[in-house]
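> Which chain is which? The protein sequence lines are A and B, in order. Numbers in the numbering used here are just positions in the first sequence, counted from 1, shifted up by 5. Numbers in the numbering used here are just positions in the second sequence, counted from 1, shifted up by 946.
Derived by calculation from the structure, the hints in this document are not laboratory data. Cβ atoms here follow ideal geometry from the backbone N, Cα and C, with glycine treated the same way. One or more of the hints may lead you astray.
Said to hold, decoys possible - Part of the chain A face toward chain B, derived, beta carbon under 7 Å:
no.	residue
1	MET44
2	PRO47
3	ASN180
4	PRO271
5	ILE272
Stated by the list, open to error - Mimicking DSS-like on lysine-lysine, the simulated pairs with C-alpha atoms at most 27 Å apart in a straight line are:
no.	chain 1	residue 1	chain 2	residue 2
6	A	LYS186	B	LYS1241
7	A	LYS186	B	LYS1247
8	B	LYS1248	B	LYS1165
9	B	LYS1241	A	LYS275
10	A	LYS275	B	LYS1491
11	B	LYS1180	B	LYS1241
12	B	LYS1248	A	LYS177
13	B	LYS1236	A	LYS275
14	B	LYS1348	B	LYS1411
15	B	LYS1247	B	LYS1307
16	B	LYS1383	B	LYS1353
17	A	LYS275	A	LYS177
18	B	LYS1018	B	LYS1109
19	B	LYS1180	B	LYS1297
20	B	LYS1247	A	LYS177
21	B	LYS1334	B	LYS1348
22	A	LYS177	B	LYS1180
23	A	LYS177	B	LYS1265
24	B	LYS1247	B	LYS1180
25	B	LYS1236	A	LYS177
26	A	LYS275	B	LYS1248
27	A	LYS186	B	LYS1248
28	B	LYS1247	A	LYS275
29	A	LYS177	B	LYS1241
30	A	LYS186	B	LYS1236
31	B	LYS1429	B	LYS1225
32	B	LYS1225	B	LYS1307
Claimed, not checked - Sample of chain B residues lacking proximity to chain A, with all beta carbon distances greater than 10 Å (derived):
no.	residue
33	VAL1032
34	ILE1175
35	TYR1389
36	ASP1431
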Amino acid sequence: MSTTNPKGAAFKIDHSYHYPEKKNILLTNIRQRPLLYFMAIPIIVYYVVFHYIPMLGIAIGFQNYLPAKGFLNSQWVGLDQFTRFFHSMNFERLVRNTFLISFYDLLFGFPVPVLFALLLNEVKNTKFKKVTQTITYMPHFISLVVICGLIYTFTKSNSPLAQLVAAFTGNKAENLLSNAKYFRTIYVVSGIWQGFGWGSIIYFAALSGVDPTLYEASFLDGAGRFQQTIHVTLPSIAPTIIIMLILRIGSLMSVGHEKIILLYSPITYKTSDVIASYVYRSGLREMNFSYGTAVGLFNSVINLVLVLGANWISRRVTETSLW
Amino acid sequence: MKRTYRIMCIVLVMMLVWNLAACSKSSKKSDNLSAGNSSDSGGTHKSNKPAEGTGKSNPRENTLPITAENIKLVLYDGFPTGARQVYNSMAETDIVKKMMEETGLQLEFVHAPEGDDGTFFNTMIASESLPDIIHDGFGSYPGGPMAAMDDGILLDATDLIDKYAYYYNGILDKGGSELRRRVMSDDGRYKLFGVTFLPEYLDGVRHGGFLTRQDLLDKVGITKLPVTIEEYEKMFDAYLGLGITPWAVALSEWQFNDYAPVASAYGVRYSGFQLKGGKVAYSRCLPEYKDFLDKMAEWVKKGYISSDAFNQRTDDAGKSFQAGTAGAVLSGSWENITRESVGKVSDPNFKIVGLALPRLKEDDVLTTFSTVLSNPEMGPRYISAGCKHPEEAVQFVDYLYKPETMKMTAWGVNTKEHTLWKDNPDGTRSWTDFMVKNPEVDYETMRQRYTFNPMQGMWDTEMEKLQYEIPQVQQPWSVWSYKTDDSDVVPKYVTRTAEEERELNTLMDEIDTYSGEMVQKFIAGQESLDRFDDFVEQLEELGIKRACEIHQQAYERYLDR
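Here chain A stands alone, though its shape is the one from the complex (with noise of 0.2 Å):
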């Protein structure tokens, strides 16, 4: 209230200031942009119903689940079905088969799509690379039941696939998917064929990222292409690659029925049958949703500590991870 004083306005204290409260980032971003959340409410609602929701189901695995009677009057039996699984004669050459097959799949199948994009970026001409690409990516497209039908024409002993092994090993020429000893080899081998263009796709959209500069930085230093491309691209593209194998392991126990189904006969059962076929052949048919059901637990449950696992070494190691 001193009018005197002039320099006193600038002291004055504001009662009516407040530090601001701690927003909520989500709230003011819908406020925001509202069109954007709007577009993702089906995909939410997409998921919760379609994935969170039948997750619920889980539970039949602990039943001995009759449709008529229903969830809620089934009998429960506790670990019942998973001690069945567990104690079936084919446990461990399910396991065996399933974890082969996939590992395989990952040690083999993992750096082709990483080494063909590092190769065709270093093609010059731009044509090229799109032809090339295009080309590469086309097999991904094609149902897999078609895939198992050339695969199947392509393995009859009249064929000239069949007619080279048999030269190399010195056998009478063989169909081929009925030898237990190649079906790992025919499986994996043609998922790469049929995976490793658009595989590729992320890893060209990474090496598109490198910062040129590096690269002229390291010409400089006297670095010639293959140095850098050990120093140069691979560091930069590793990120990528690191979030790609922690998926990959992620579904490392999940070998899906439908291919083996497919290629499989009896005579191949040993290197062929893999958890998820077994569970079809006896769970569906026999229509005991219940086994089937503990089952694919299971291996859900190994894959989430195979996940968690590999993203927990993954961010000792190297810093990146998925969360």
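Chain A is already provided as a structure; the job is to place chain B on it using the hints.
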């Protein structure tokens, strides 16, 4: 511009949301159905007590139309491939339209997709809304159809059948007590209502077996059709000389099991349970099975069977035969005509000839087949528990046994557009050229399009006999049943309880996987047959004896029926 862009986005999102809403609406509808079910089936229809269906029924003759009200029945039924090519469902065919006219019912159909292996049926059963009439054996349901009735999925229609099924009971009365025994369950309920009966003239006829080419036999100079295993081997040797695969076979498919080539020569089946000395045994444990495996392994080694046999499909085997790269094949009589007509395209001399199944001595009787007898055969029909009009449903199924209806489903309906058949002055009926000599479509497909085989109450003797006139069917029929009977077959009308079924399934899972794999390895020569005894021992460890016991108990109950 920005405005229209925003509007487009909103419209697209609306469409997405609307789709989801449509999904939820249909699930609400089925909720209503199931809510209706539980109140209905609580009282009258669900009866656990066995009803007295022992031939003392006296149903009145049904009149047409069945109903004057607008009643709709949903049917789950078969959809032949030929019909699939031109119709969306059987409701569009002329026959069904005529049925709807005559009965006054609205009929809607649910069909499994092409090539389905049984999963469609299983998922349908697990869903809330079932069709009213289901045409399926319920073999994949744990405990079978009787358990489905106990669980409240199916209606125990015994009372209704006694009351309304006039024509069906007529057939049963003619067949006597043996026929009644086959259609009933152990506890006196109707198990096989709505099934297709086979006419008597088909007793003992076999519908599948070996097929080879007469022109090839002539080429290699074999004049007598092979009957013994030795003669077969001579024929195969000669075919090897011609540079073709002697026998194109699909070892993993049902035909190899059903027609039982080679296995029957040793008195065993390839896979499954059979009778031996009056008792149920697992064929793969019998000592004769080893001899069968020996012979098959020998044939593989000699090259009579190629390594393709283990994973190829029957279609592929048939195609090799038709293309001329294989000398012999297993075939069903309905496929013979197609085989020859397609074969003629590549080789005009192509002429098929059926062979009697191989046996050790020329006059051996092979005992392990399920020969066709005037049985209730394919596919019984069950009324679902939620059906709102069970009396009309039962009457409709019974209508299929009316003589006029049976003639209609066998011969089709003559319309303004096509004439399928004509009545001859001597009282017989025959196909027109449109059906038999159609330039675009073969006979079998025509039959699938214009007749309705899944709904035949009993196969029409006259129409079936017409097939006799076709040599490609007549000759194989006569040789395929040469000295065969079914004395070692476990009757398929034996039923097991739900608990027995569950135990059996758990055992047979592993047994089937293990034995299927080992047997194919034995045949391929990848496993030495000296290890056969170890194989049997392992099967016993897996519990095969308990499985045989369960089958034996059920068999004895059947005999007591």
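> Please go over all the hints and tell whether each is borne out by the structure.
Hints, verified against the model:
Hint status for MET44 of chain A relative to chain B: holds, with the closest Cβ pair at about 6 Å, below 7 Å. Hint status for PRO47 of chain A relative to chain B: holds, with the closest Cβ pair at about 4 Å, below 7 Å. Because the smallest distance between the Cβ of ASN180 of chain A and any Cβ of chain B comes to about 4 Å, under 7 Å, the interface hint for this residue holds. The interface hint given for PRO271 of chain A is met, as the beta carbon of that residue sits about 4 Å from the closest beta carbon of chain B, less than 7 Å.
Hint status for ILE272 of chain A relative to chain B: holds, with the closest Cβ pair at about 4 Å, below 7 Å. Among the hinted pairs, LYS186 of chain A with LYS1241 of chain B is consistent with the structure: their alpha-carbon atoms are about 25 Å apart, no more than 27 Å. Pair hint LYS186 of chain A plus LYS1247 of chain B holds up; C-alpha atoms about 19 Å apart against a cutoff of 27 Å. Restraint check: the Cα-Cα separation between LYS1248 of chain B and LYS1165 of chain B comes to about 21 Å, which is no more than 27 Å; the hinted pair holds.
For the given pair, LYS1241 of chain B sits about 24 Å from LYS275 of chain A by alpha-carbon distance, which is consistent with the 27 Å threshold. Between LYS275 of chain A and LYS1491 of chain B the CA atoms are separated by roughly 25 Å; this keeps the pair inside 27 Å, and the hint holds. For the given pair, LYS1180 of chain B sits about 14 Å from LYS1241 of chain B by alpha-carbon distance, which is consistent with the 27 Å threshold. A threshold of 27 Å between alpha carbons decides the hint, and for LYS1248 of chain B with LYS177 of chain A the separation of about 12 Å falls inside it, so the pair holds.
Between LYS1236 of chain B and LYS275 of chain A the CA atoms are separated by roughly 22 Å; this keeps the pair inside 27 Å, and the hint holds. For the hint pairing LYS1348 of chain B with LYS1411 of chain B, the CA-to-CA distance comes to about 20 Å; that is within 27 Å, so the pair holds. Taken as a hint, the LYS1247 of chain B and LYS1307 of chain B pair is honoured in the structure, with Cα atoms around 23 Å apart against an allowance of 27 Å. Restraint check: the Cα-Cα separation between LYS1383 of chain B and LYS1353 of chain B comes to about 21 Å, which is no more than 27 Å; the hinted pair holds.
Between LYS275 of chain A and LYS177 of chain A, the direct Cα distance comes to roughly 22 Å. Compliance with the 27 Å bound is thereby established for this hinted pair. For a cut-off of 27 Å, the pair hint linking LYS1018 of chain B to LYS1109 of chain B stands: about 21 Å separates their Cα positions. Only pairs whose Cα atoms come within 27 Å are accepted, and LYS1180 of chain B paired with LYS1297 of chain B is accepted, the gap being roughly 20 Å. The hinted pair formed by LYS1247 of chain B and LYS177 of chain A meets the criterion: a straight-line CA distance of about 11 Å does not exceed 27 Å.
A threshold of 27 Å between alpha carbons decides the hint, and for LYS1334 of chain B with LYS1348 of chain B the separation of about 24 Å falls inside it, so the pair holds. Restraint check for LYS177 of chain A and LYS1180 of chain B: satisfied, since their Cα atoms lie roughly 23 Å apart, inside the 27 Å limit. Annotation: proposed proximity of LYS177 of chain A to LYS1265 of chain B holds, straight-line Cα distance about 23 Å (limit 27 Å). A hinted pair counts as satisfied when its Cα atoms are at most 27 Å apart, and LYS1247 of chain B with LYS1180 of chain B qualifies at roughly 15 Å.
This hinted pair checks out: LYS1236 of chain B and LYS177 of chain A have alpha carbons roughly 26 Å apart, not beyond 27 Å. In summary, the hint linking LYS275 of chain A to LYS1248 of chain B is supported, as the alpha carbons are separated by about 25 Å, within the 27 Å threshold. Simply put, LYS186 of chain A and LYS1248 of chain B have alpha-carbon atoms about 23 Å apart, close enough for the 27 Å limit, and the pair holds. The suggested pairing of LYS1247 of chain B with LYS275 of chain A holds, with an alpha-carbon distance near 22 Å, which does not exceed 27 Å.
Taking the CA atoms of LYS177 of chain A and LYS1241 of chain B, the gap is near 20 Å; set against the 27 Å cutoff, the hint holds. At roughly 26 Å between alpha-carbon atoms, LYS186 of chain A and LYS1236 of chain B fall within 27 Å of each other, so this suggested pair holds. At roughly 23 Å between alpha-carbon atoms, LYS1429 of chain B and LYS1225 of chain B fall within 27 Å of each other, so this suggested pair holds. Simply put, LYS1225 of chain B and LYS1307 of chain B have alpha-carbon atoms about 25 Å apart, close enough for the 27 Å limit, and the pair holds.
No Cβ of chain A approaches the Cβ of VAL1032 of chain B within 10 Å, the least distance being about 24 Å, so the stated non-interface status holds. Taking the minimum C-beta to C-beta distance to chain A, about 24 Å, the non-interface status of ILE1175 of chain B holds against the 10 Å cut. Chain A leaves TYR1389 of chain B outside its interface by the beta-carbon criterion, the shortest separation being 28 Å against a cut-off of 10 Å. At roughly 30 Å, the least C-beta separation between ASP1431 of chain B and chain A is larger than 10 Å, which holds for a residue marked as non-interface.
In the structure shown, no violation is registered for any of the earlier numbered hints.
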